[in-house]
Each structure stands twice: as C-alpha cells, then as structure tokens.
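Novice: This is what each chain is made of:
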Amino acid sequence: MTTTLATTEPRSNERPRWNGISLSKAIIFTLIILASVVAAFPLVWMVLTSLKTPQETMAVPPVWFPATPNLDAYRQVADVISVGRSFINSAIIAVFTTGAILVTSLMAGYAFAKYQFKGRNVLFSVLIATMFLPPIVTLIPLYRIVGYLGLNASLAGVIVPNLANAFGIFLMRQFIKGVPDELIDAARMDGASELKIVFQIVAPSVMPAIAALALFAFVYHWNSYLWPLTVLQGNTDQYPIVISLSRLLSYNRGAMNTGLVMAGATLAVLPPLILFVFLQRFFVDSIVATGVKG
Amino acid sequence: MQRQTIGSLAVMLGPAVAVIGVFIFVPMLLTIWLSFQNWSTQTGFETAQFIGLKNFFDIFSNTSIGRDFKGALVNTAIYTALSVIIILPLSVGLGLLVHQKHVKGGVFLRTVLFSTYMVPMIAVALVFSKLYSPTEGPLNQILGWFGIGPQTWLSSPNTALFSIVILNVWQQIGYFTVLVVAGLTQIPVSLYEAAEIDGARADQKFRTITLPLLANTMLFASVIAIINAVQVFEPVALITQGGPVNSTNVLTYHIRRVGIERAQGGLGSAMAVTLMLSLIVAIVALFAFFGRKGDRA
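Chains as they are written, first to last, in my numbering: chain B, 759 to 1052; chain P, 581 to 877.
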C-alpha cells in the first residue's frame, strides 16, 4: 500500500486516499454517517408518520413516505386533548421549577463555594447523595406529604417538591469556586449585602453555568412523567403535554390511527429539541464540568 | 469571613436545605420507617401499625406478592446490567468518533446523539412501540432486507425486556457519549506522542493509554447508568403494563403499582428499601472494581 502511495503522481490525489491512513478515514466517516442515521431514524420516522393518512400508518408492509403529506393528524390531536391547556401546564411546571432551582442553587452553591463553616463538607456530601436516589424510593411517603400540604391534584403539587435539587447546587458550586475572592471582597467593602453579591456580582460571572442549569432543569421538568402522573391523580385539566400523550394512546386503541399519536409526540418533543439545537454548547459544557471535575 | 454571619449562611442555605430536607430526606426516612409498618397509602401516617419485618418476609415469600416482587427485582437487575453492558462500550466507541479530528462530522454526530437525550421518554416509548410493531413496523421490514426473519420485540416475554433496553440505550447514549468525550479531552496528547515514538499501534495506545485513563469517567458513567436504568417507567407503564407474562415488570413500575395504585404503602416501602439497599451494594461493587483498575493504571 505504501508503494502505491509513493509511486502515485502528486497531481491525482483521489486514488491514494483509499490507501493507508485514508482508508481509516473512510471507515471513520462511514461509522459517523451510520451512527447519525441510526440515532436520527426514530425521530424522522415519528415526523413522517405524523404526516401520513390513517391508512398509510397502518399499512403492511409499512409505507415510509406519505404520498401527500398532510396535517390532519395534528388537527385531530386537538379534538382529543386540549393541546393549548396541556402546553400551558407544561410551561408553568417547567418555568416555575426552573426559576426556583436557579435561585436556590445560586445561593446554596455560593455558600458552599465561598463560606467557611463547620460541617460544610458533611452537609454538602449529604445533599449531593440525594442526586443518586431514584425518585421511586421516596414516592410513596412524598405522595402523602404533598397530600398533607393540600397540594394533591394541582400544578403546585407537581412544582413545590422540585424547587431545589442537588445537581443545581453541585453545578453552581463548581463554577462559583472559580469566581475570584477579590471580586466578592471588593463588593463587601462597598457595603453590598450578601444577597446583592450573589445576584449582581457572582451570577453574571457564571452565566454559562446558569444557562446550562436553566436548560437542564427546563427540559427535565418538561419531560418528567412519574411524579406529575402520581400527584395529579387523573385531574386532566392540569395534565402537562407528556401525560396528555398517554390519553392519545388510549384513544388510538379504538381509532387505529398511529399518525395521531405521532403528531402528539412531535408536538411534545419540539420545545426541548428547539431549545437544545440553539443552546447545545451550554449543555455540553455543563456535562463536561460535572463529569470531569466531579 | 467577618461579615458572613450565621444569618447570611441561613439565608443562602435555608431554601435549598428546606426543600431537599422536606421533600427528599424526610420521605426517605419515612420510607424506611414505613417498611416496618402495616400502612395504607390512603390514610395518614398515624394509622401505621408496627409489624416488624413482616413486609420483608412477604415480599420474599412464595406467595403471589413475593413472586411478583422477586420477578420485578430480577427483571430490573437484568435490565440494568444489560443497559450498562451496552452503554459503556458503545459510548466509548461513539465518543472516539466524536472526539477524533481526522474526519469532519464529529460535532454533527454529537448533536444528533445528544438531541435524542432531549426527547421525553414518553415520546420515545410511543415511537418505539410503533417501530417494533411486528407487522406495520419498519424494524422488521429493515431486518427483512438483510434476510433476517421478523422479531417479536415487545410482544414476546423472551424479547420484550431487551427491546426496552434498546429503547433506553437509544434515548440515553448521547449523554454518555458527551461524558466520554469530556474524559478523552482530559488525556494529555503528550502521552500519545510518546507512545507513537515508541512505535505503539493504535490498538496498543487504546489499551494502555485511553482505557486506563478513562477509568474514572467509566466509573461515573456506570453509576449514572445504573441509577437511570432503575428509573425506567414510561415504556412499561404505557406500552407493556409489565407484560407479556410479567417479563417487563420492573421495580419503579411495580413499586408504584403496589404503593400508590393498590395503596399498600408498607409493602411498597419495603420494596423501595430493598431497591435502595441493592443499589448501594451495586455501587460499592463498582467502586471496588474500578478502584482496582484505576490503581493498576
């Protein structure tokens, strides 16, 4: 192979590319394409199916591309579930939870990063340990506690237990550690209160981390299913879109129209996916921060 | 330090500690306490009656309660083990593809992989239930092109659990790939250069440099993969309802069914405690395994 490389004229670059090192380049390229296609396929199929006629969605063997793409399935979704109401519920859950998590995480992260106090490391470890606790372990008593607070079957019941979390505190502490002490001391000299320091001095200097946390929290709570399903107890008015989707599925068992379910799924997927496409740098940076430094 | 009084410390930590305390710590302690009680989830905690270890004897007995629970425990263990066994090597392979600089397309692949991680599990479950459909689904059609016969996927007890593993891996692999890429960027390039001077082949470099230096990343990834795997709920709740023949009855689904839907709060709590103990054992074992490997490196 090396001899081929050596004897080829420099002018014709194309043929030697398939030899030696360039062969491995071709393999890498093929693998990248293959992995991308496999990863994207289910989502592409979801969108394609949402544009098919009911007959096309049930055809054997399956029809891949709709003959005349149409939005009928999307219109039908609106007949079965109140799409607007579900989206508003999802947005209320995701926005309120995210806002609260940002505030509580910034403050606690600041305290763990910049305050010296007895038991700091113990308290921090104990809080971080909750990150590794699967929600099902606490689900049964939590359901009862939220009932005691009178929050069952309401959006408040979905939101309140999630106003703070260990991941946010951890992420903020990691980044706030890097904020120079001089900056904070100078603000104290000027007579700034500690709260003012957190939100006006520290927060602006960890903006990428705040953006990452905001996106993670938003997507996580937009997508979450187990807790809202448990606490809302069949109160369909309060259902977020992900739970309304399960109603589409039970409706579909009678109607035999997969396009309907796929249209609903496409709608539910759009907000987190759009956020991600525009802001993926922040997601990736924060995983790097937690995975490596952690 | 002088201006950081107890007051400002309380203000900073108060909200987060209160929320996590009331909604995670207290419930966790209550779960442990309830596991020794006879208690209906539909009544207040004050109605609980201490019954010692009876719940634990029940969930490991040969009655239908015990058989269902042990089945769910085994299903969850298999599901978790398969998830980790597939996710770790796959994420290293994909991570290398994303990380390499010889061929363009790495960042594109990362974007595609990670975007699947943004998709709600419920949508993933719905889409895969159609992809898996034995007659109308494209997967059996695609297999047919390669001369492979139709698979039963979710409709047979032999293949249903594994089908959900695949669905789970598809949804989560982007996250683990990004973790691996983060680990790869931490490996000093000088190590590879030195190895090349010594005439090391690509596979030798991978085994002696890449893998040992990824041990910490792999440990973290395994822990996260295990924690995520025991949380599988949506595909089971929505598509299989634990079937066929209990083959996909996993713990999160089973505990919720017993503890919330059947309101057997004491029994459900005993199951949750067993899950928590199993997780601790699994994670300690992982640390021992990777700790040894890390030392050797």
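Calculated from the structure, these hints are not laboratory results.
Certain hints may be false.
Said to hold, decoys possible - Restricting the straight-line Cα-Cα distance to at most 30 Å, the calculated cross-link-like pairs of lysine-lysine (DSS-like) are:
id : chain 1 : residue 1 : chain 2 : residue 2
1  : B       : K935      : B       : K872
2  : B       : K954      : B       : K935
3  : P       : K684      : B       : K783
4  : P       : K785      : B       : K783
5  : B       : K954      : B       : K872
6  : P       : K634      : B       : K783
7  : P       : K650      : P       : K634
8  : B       : K876      : B       : K954
9  : P       : K681      : P       : K785
What the hints assert, rightly or not - Sample of chain P residues facing chain B (criterion: CB under 7 Å; computed from the structure):
id : residue
10 : A590
11 : M592
12 : L593
13 : P595
14 : G601
15 : V687
16 : P700
17 : I702
18 : K710
19 : E716
20 : I728
21 : G729
22 : I807
23 : V861
24 : V864
25 : L866
By construction, the Cβ of each residue, glycine as well, lies at the ideal position given by its N, Cα and C atoms.
Novice: None of the hints should be skipped; say for each whether it holds.
Specialist: Outcome of the hint check:
1. K935/B x K872/B: Status holds; Cα separation ~7 Å.
2. K954/B x K935/B: holds (18 Å)
3. K684/P x K783/B: holds (10 Å)
4. K785/P x K783/B: Judged against 30 Å, a Cα distance of about 18 Å means the pair holds.
5. K954/B x K872/B: holds (15 Å)
6. K634/P x K783/B: violated (63 Å)
7. K650/P x K634/P: holds (16 Å)
8. K876/B x K954/B: holds (24 Å)
9. K681/P x K785/P: holds (16 Å)
10. A590: Not OK, violated: A590/P not within 7 Å of chain B, min 9 Å.
11. M592: holds (4 Å)
12. L593: holds (5 Å)
13. P595: holds (5 Å)
14. G601: violated (9 Å)
15. V687: violated (9 Å)
16. P700: Result: holds, 4 Å to nearest chain B Cβ.
17. I702: I702/P check passes; min Cβ-Cβ to chain B is 5 Å, inside 7 Å.
18. K710: holds (6 Å)
19. E716: OK, holds: E716/P within 7 Å of chain B, min 5 Å.
20. I728: violated (15 Å)
21. G729: violated (14 Å)
22. I807: holds (6 Å)
23. V861: violated (14 Å)
24. V864: The hint is violated - V864/P has no Cβ within 7 Å of chain B, the shortest such distance being about 12 Å.
25. L866: With a closest approach of 12 Å, the L866/P hint is violated.
Violated hints, listed in ascending order, are 6, 10, 14, 15, 20, 21, 23, 24 and 25; each of the other numbered hints is respected by the structure.
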